[in-house]
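Protein chains in written order, with the UniProt record's numbering: chain A, 1 to 307; chain B, 1 to 308.
By construction, these hints were calculated from the structure, which means they are not laboratory data.
Note that CB positions come from ideal geometry on N, CA and C, so glycine has one too.
One thing to keep in mind: the hints can contain errors.
Claimed, not checked - Pairs of lysine-lysine, DSS-like flavour, derived with a Cα cap of 27 Å:
no., chain 1, residue 1, chain 2, residue 2
1, B, K29, A, K135
2, B, K29, A, K134
3, A, K223, B, K260
4, A, K223, A, K135
As the list claims (entries may be wrong) - Pair ranges (Cβ atoms, derived):
no., chain 1, residue 1, chain 2, residue 2, range
5, B, M84, A, A94, 41 to 47 Å
6, A, R161, B, A288, 23 to 29 Å
7, A, N67, B, P168, 33 to 39 Å
8, A, L163, B, P168, 40 to 46 Å
9, A, V105, B, N119, 27 to 33 Å
10, B, G117, A, N67, 32 to 38 Å
11, B, L115, A, W102, 43 to 49 Å
12, A, I268, B, R295, 40 to 46 Å
13, B, A288, A, M50, 39 to 45 Å
14, A, W102, B, L65, 34 to 40 Å
15, A, T75, B, L47, 44 to 50 Å
16, A, V105, B, S196, 32 to 38 Å
17, A, L204, B, S196, 19 to 25 Å
18, A, L289, B, L115, 17 to 23 Å
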Amino acid sequence: MSTSTTGPDRTARTARRPVQAAPRGVPQSPLEESGRGTRWVVAIVVVVAMLWTLVPLLWMLLSSFKNSADVTAATPQFLFTPVLDNYRNLFTGANNLWPYIWHSVLAAGISAVLAVCLGALAGYGLARTQMRGKKHLAFWIISTRMAPIAAIVVPLFLIFRGLGLIDSIPGLVLAYLSFNLPFAIWLMSAFFAEVPPSLEESALVAGCTRWQAFRTVILPLTKSGLVTTFVLCLVFAWNDYAFAVVFSGPNSQTLPIAASQLVTQTGIDWGQLTAIGTIVVIPMMLAGLAVRRWLVTGLTLGAVTGE
Amino acid sequence: MTKIAQSSPGLRRSWPEAPSEPRIRFEGKMMLPGLILLAALSILPFLALVAMSFSRVRLLGGVRLELVGLSNWVRSFTDADMWMSWLRTIIYFVLTVGLEMVLGLGIALCLYRVLRGRNLLLGLILLPMFVAPSIVGLLGRYLTDSTFGLYAYVLRSLGFTGDILGSPTSAFAAVVLMDVWEWTPLIALISLAGLSSVPQSVREAAAVDGASGWMTLRFIIFPAISNVLLVALLIRSMDAIRYFDIIWVTTNGGPADATKIVPIRLYETAFRFFDFGYAAAIGLTMLAFSILIARAFVRMLDTRGLTR
């Protein structure tokens, strides 16, 4: 970097660094205060990234308020008279959206609650246990979370057929637990591992049982972990399509299935479809952003703790 | 003699914690309900999968398995279409994960220099992650529709005419980009967390030493966040194998099999052709891959001590 400063003198060489920084003029902290060129690059990248990210979402939102002519207009319509027809059509008539919403809420909600409860118990056990096969146990848990859905669906389909769980909410809940439960165990265990064991030790000294120590000392300290785990489990289950498309029927079809059912041989009602899309997406975005602070921890399964 | 003497304390090592033995029991009890359910949901299907992969599965009149030996496996390794699917899966995997890593890191580096409003920008950037993949696919179809799609319209005015999801190359590119749209934010989020953990003092020292922006990046920032990037890569890799909803609702493997990656073929084999035995063999092969990646992930956590 400093071929220009040549000094035969050895002592000058050692003193070179501070000297060299000076002629560059601006005291450089290359990240925060960068040159004008870099600043432009940053601005352009950020703007392009925002457009790339937000245009599809805004377009979905806009289109859901368009009438059928505007939705499929050959020239994209940016200015139009907003109408509520699409939403009104979704909630009236024989085939309305309420049952689908109800199924989604039940299947995703119950599976998330169960995953968090069982996950908190097992996660605590996993974080504190000193048993021998701990590493193998942990590996088994993470590998069930990472198993490809396509590989699980096939045998589960046969098992569920045998048990009469096809087209039922309990069936969907179980299917969702197959990925949410290992996720919750692993993540909660990462959250519990950050709570120093000395805390429950002192609770034990104070006369608590192990369960009381867990319940009254440890659990309140991991409240953010519980909420994050719940939200992420909810999002994973709510957004599922691969399981629902195989396991659900008229009694259990969820919102993503409702959306895909609008795709028919005769054509697609894009107005209604964008409206369903908006309904599916908004609650999960709000839930996800509510746990922003712990998202990094949650989505990396506790491997990276953020911010 | 010595062997016995040596081995018995070894055996006894599990007992010396006798005073704290109830402690072990307590942890076991805590884990029990969750692990039993997890075992029922993972070991049972796994055994069923193994059994099915060696059988022909009859569905009518109750589920029956007829052993057929290795024929499903032989078929899965000799099927030229299957090899093409694997090849396509690898290309899809490398393109999506690669693009997401590069773009995600790029966005994180830029966002990192934004001082005011960074949180708001990051919040907006994150939104695609929460969109159901099937909705991403359907929305992608709407945007690329050759008569009224917004993106098709933009491309048309740039000179690209043609049905985006209708021709093999552009359909493949489109499903890759939809996945990139949804999951680049995840990489950006994780990378940004890594960047924020590089101490200010280190960067200042580099600046004082006259390091250029690129050199700071190359020699200070990248080494410091390489662990975090590796986590991001592994997490994303595992999920990239899991999800295929986007392709399922956009092209469903077409046109002319151009986007028929392995999970799509598996679904088709099982639920359209009802060949569960063959599907099980494919599923087990996929499972082996994902376990390899999971193993790398756990091993990295162990050696680099990111958590426990």
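Status of the hints after comparison with the structure:
{"no.": "1", "hint": "K29(B) - K135(A)", "result": "holds, 18 Å"}
{"no.": "2", "hint": "K29(B) - K134(A)", "result": "holds, 15 Å"}
{"no.": "3", "hint": "K223(A) - K260(B)", "result": "violated, 43 Å"}
{"no.": "4", "hint": "K223(A) - K135(A)", "result": "holds, 26 Å"}
{"no.": "5", "hint": "M84(B) - A94(A): 41 to 47 Å", "result": "holds, 44 Å"}
{"no.": "6", "hint": "R161(A) - A288(B): 23 to 29 Å", "result": "holds, 26 Å"}
{"no.": "7", "hint": "N67(A) - P168(B): 33 to 39 Å", "result": "holds, 35 Å"}
{"no.": "8", "hint": "L163(A) - P168(B): 40 to 46 Å", "result": "holds, 42 Å"}
{"no.": "9", "hint": "V105(A) - N119(B): 27 to 33 Å", "result": "holds, 30 Å"}
{"no.": "10", "hint": "G117(B) - N67(A): 32 to 38 Å", "result": "holds, 36 Å"}
{"no.": "11", "hint": "L115(B) - W102(A): 43 to 49 Å", "result": "holds, 46 Å"}
{"no.": "12", "hint": "I268(A) - R295(B): 40 to 46 Å", "result": "holds, 43 Å"}
{"no.": "13", "hint": "A288(B) - M50(A): 39 to 45 Å", "result": "holds, 40 Å"}
{"no.": "14", "hint": "W102(A) - L65(B): 34 to 40 Å", "result": "holds, 37 Å"}
{"no.": "15", "hint": "T75(A) - L47(B): 44 to 50 Å", "result": "violated, 58 Å"}
{"no.": "16", "hint": "V105(A) - S196(B): 32 to 38 Å", "result": "holds, 36 Å"}
{"no.": "17", "hint": "L204(A) - S196(B): 19 to 25 Å", "result": "violated, 37 Å"}
{"no.": "18", "hint": "L289(A) - L115(B): 17 to 23 Å", "result": "holds, 21 Å"}
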